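Once you have looked at the hints, place chains X and E on chain F.
Residue numbers (my numbering), protein chains in the order written: chain F, 1 to 75; chain X, 1 to 408; chain E, 1 to 162.
Incorrect hints may appear among the rest.
Stated by the list, open to error - Below, in silico cross-link-like pairs of lysine to aspartate or glutamate (EDC-like), each with a Cα-Cα straight-line distance of 16 angstroms or less:
| no. | chain 1 | residue 1 | chain 2 | residue 2 |
| --- | --- | --- | --- | --- |
| 1 | E | Lys118 | F | Glu23 |
| 2 | X | Lys71 | X | Asp45 |
| 3 | E | Lys145 | X | Asp74 |
| 4 | E | Lys145 | X | Glu44 |
| 5 | X | Lys356 | F | Asp36 |
What the hints assert, rightly or not - Simulated restraints, written as ranges between beta carbons of each label pair:
| no. | chain 1 | residue 1 | chain 2 | residue 2 | range |
| --- | --- | --- | --- | --- | --- |
| 6 | E | Pro103 | X | His163 | 55 to 63 angstroms |
| 7 | E | Gln35 | X | Phe147 | 32 to 40 angstroms |
| 8 | X | Phe76 | E | Gly34 | 35 to 43 angstroms |
| 9 | E | Asn77 | X | Asn75 | 30 to 38 angstroms |
| 10 | X | Asn75 | E | Ser154 | 21 to 29 angstroms |
If you are wondering where the hints come from, they were derived from the structure by calculation, not from laboratory data. Since the structure is predicted, the reported quantities are computational estimates derived from the model, not experimental observations. Just so it is clear, CB atoms sit at the ideal spot from N, CA and C, and this is done for glycine as well.
So you can see what is in the structure, the chains are spelled out below.
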Amino acid sequence: MRALHLLIGLAVCYALSACAPIEPWVKPYEREHLADPIMALNRDPISSEYLVHVFGTREGAHGATGSAGGGCGCN
Amino acid sequence: MQLSRALRHAPAARHVAPAAVRIGVLLAFSALGSLPGSAGVLPEDEGDVMYHRYEGGGITVQGPSVLIRKKLGDNFSVSYNYYVDIISSASIDVLLTASPYKETRTQQSGSLEYQHGKTTYSVGYIHSREPDYIADTSIFSLSQDMFGDLTTVTMSYSRGWDHVYRDIKLADGAIVNDPTFAQQVDHRTYGVGLTQVLTRNMLLSLNYQALTDQGYLQSPYREVVYLTPGVGKGWATAPQVYPGTHTSNATSADLKYYLPYRAALDFFYRYYTDTWGIGANTLQLGYTQPWRHWIFDGTLRYYRQNAANFYNDLFPRANAQNFEARDRELAAFSSYTVGVGASYEFQVPRAPWITKNTLNLRYDHLMIDYTDFHTLYNTTVIPAGGENELPLYRLDANIIQLFYSLYF
Amino acid sequence: MKHRIAGLAALLFALPLFGAVDPNSPAPDFLLNGQSGKPVALDQFKGQVVMLNFWASWCGPCRQEFPLLDDIYKKYNKLGFTMIGVNVEPDSKAANEWLKQTPVTFPILYDTDSKVSKLYGVAGMPSTVIVDRKGMVRMIHRGYKPGDEQEYLSSIRALVRE
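This is chain F alone, in the form it adopts within the complex:
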């Protein structure tokens, strides 16, 4: 019975995002390298998109070339 109450408590806890078993392991103030422009997944979109177009017209494969995320994680 005690275990059940504990499990319900945990479930509610997770559902409310009030607690998590794992804390984010890279803190917002540790993102210096990730925020560096050289670590951008797509530093010059005008250039990478052109190359996607060049390869796409000559190859049979298409897709899965876009990415979002990384960076400074600010705000």
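Positioned in the frame of chain F, the structure of chains X and E alone reads:
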């Protein structure tokens, strides 16, 4: 009356368009960069002007690309791209059945991004136009940051509508549109992506995209070749016949690693399969080295695909299969691309509204070795020893990009 | 038994709060080096309203916010208010170079080993914590979007009157 008679007697030499057929699909996510750049913040305001040039296999494709991106208020960002391909071609496909030509493709695209808290919504539209092909694509995407901004989940959907026309050459040499020919293509793509911060120095991005195409999926100009042993040159041509549907899946992983002396390594891999029997692997390694006001990039790309199941370089006889294609894009080949780039950052005095300027130059050399596409010109005769004595086609191309970026 | 369950539940809910600060709790004291190289303690500022701004030179919104923070500092300093920019970068070189180009008049402290960032549970960049004259945390703000400075100002105006 005159015109229709002229159309019926159009000579064999025809105007050939490049593989405009699948442009709608592959531009779905390229042109706009409509996927949000980085977690939590709208992209910077910028303007880019680029000159691009591709030279290889008898084709030169060059032109400008202009991009402008601006924040509106605190939550919106708009972008516009104007892109032109000026094609002058005497490629092997052209030389086989047609004469050299010149053509221009113009593409305009716009996107709007809205950021609210940890979510970014994006809508975009692309309009591509050339004399015999019009492609329209709309794109929607949604990006969500979670888990302390370590994780970004993205979902995207695009829909494309293409109108395929055909140009023909009249007896007097004029190139006109064939009013009897009008076809359509419908494209849809669905994508999901996950970008995960692994460590302070490492980022992993996983992407999956499903694509479906329906309609007239071939080029109206290209033809297949079938062998006619003992007759004439030993070969003859016939129109291509493609299936009316095409479904494909692509899965990719991109790992970025920060090196302690300030440099970045990039590993990219993509696996692609489709219902036409094509399987392809793409592997790319990149290295980025900043130095003072410069950033240098080097990339090595390896690509390999097997042929579509209805592809054949030289069919054994006429009407050998229900579906027949000889497009190089569907052949079996392996390709290497070596690329180098240099970017120089500078300040403009007396212009404090400009936060950064860069001048960029990039050169890529593309090499494709076809394992089942033989070099065949209009005048080629099948040698006595058989078609396998013909040389396999090899493509070498130079790709140059010169662009100026302004951030404000 | 019921007490034990309640205790466990309370512990579970309390876990994520370790290493974070709450409004109306005392602001943890710390000792960090300033621009002159001399150590500075938060307790030195007891009696003044203190606004701690956790920032980094690589963080766009942080850089955007800084000139506005300087304006706030200049305006309210005479009324017993101080702004402290806590730089979270392990290597201060980039921060100092940026400060040379965009100088501010309020004190900067260097949290090079992230001790204070951890102590205050910094959960976003930038982060702002406003402490009243008695050393109690009164406002916590995460991130920066243009217009947020109004929130800081209304809090500061109320607290300097205490």
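Hint-by-hint comparison with the structure:
| no. | hint | result |
| --- | --- | --- |
| 1 | Lys118/E - Glu23/F | holds, 13 angstroms |
| 2 | Lys71/X - Asp45/X | holds, 6 angstroms |
| 3 | Lys145/E - Asp74/X | holds, 7 angstroms |
| 4 | Lys145/E - Glu44/X | holds, 14 angstroms |
| 5 | Lys356/X - Asp36/F | holds, 15 angstroms |
| 6 | Pro103/E - His163/X: 55 to 63 angstroms | holds, 59 angstroms |
| 7 | Gln35/E - Phe147/X: 32 to 40 angstroms | holds, 36 angstroms |
| 8 | Phe76/X - Gly34/E: 35 to 43 angstroms | holds, 40 angstroms |
| 9 | Asn77/E - Asn75/X: 30 to 38 angstroms | holds, 33 angstroms |
| 10 | Asn75/X - Ser154/E: 21 to 29 angstroms | holds, 22 angstroms |
Of the numbered hints listed earlier, not one is contradicted by the structure.
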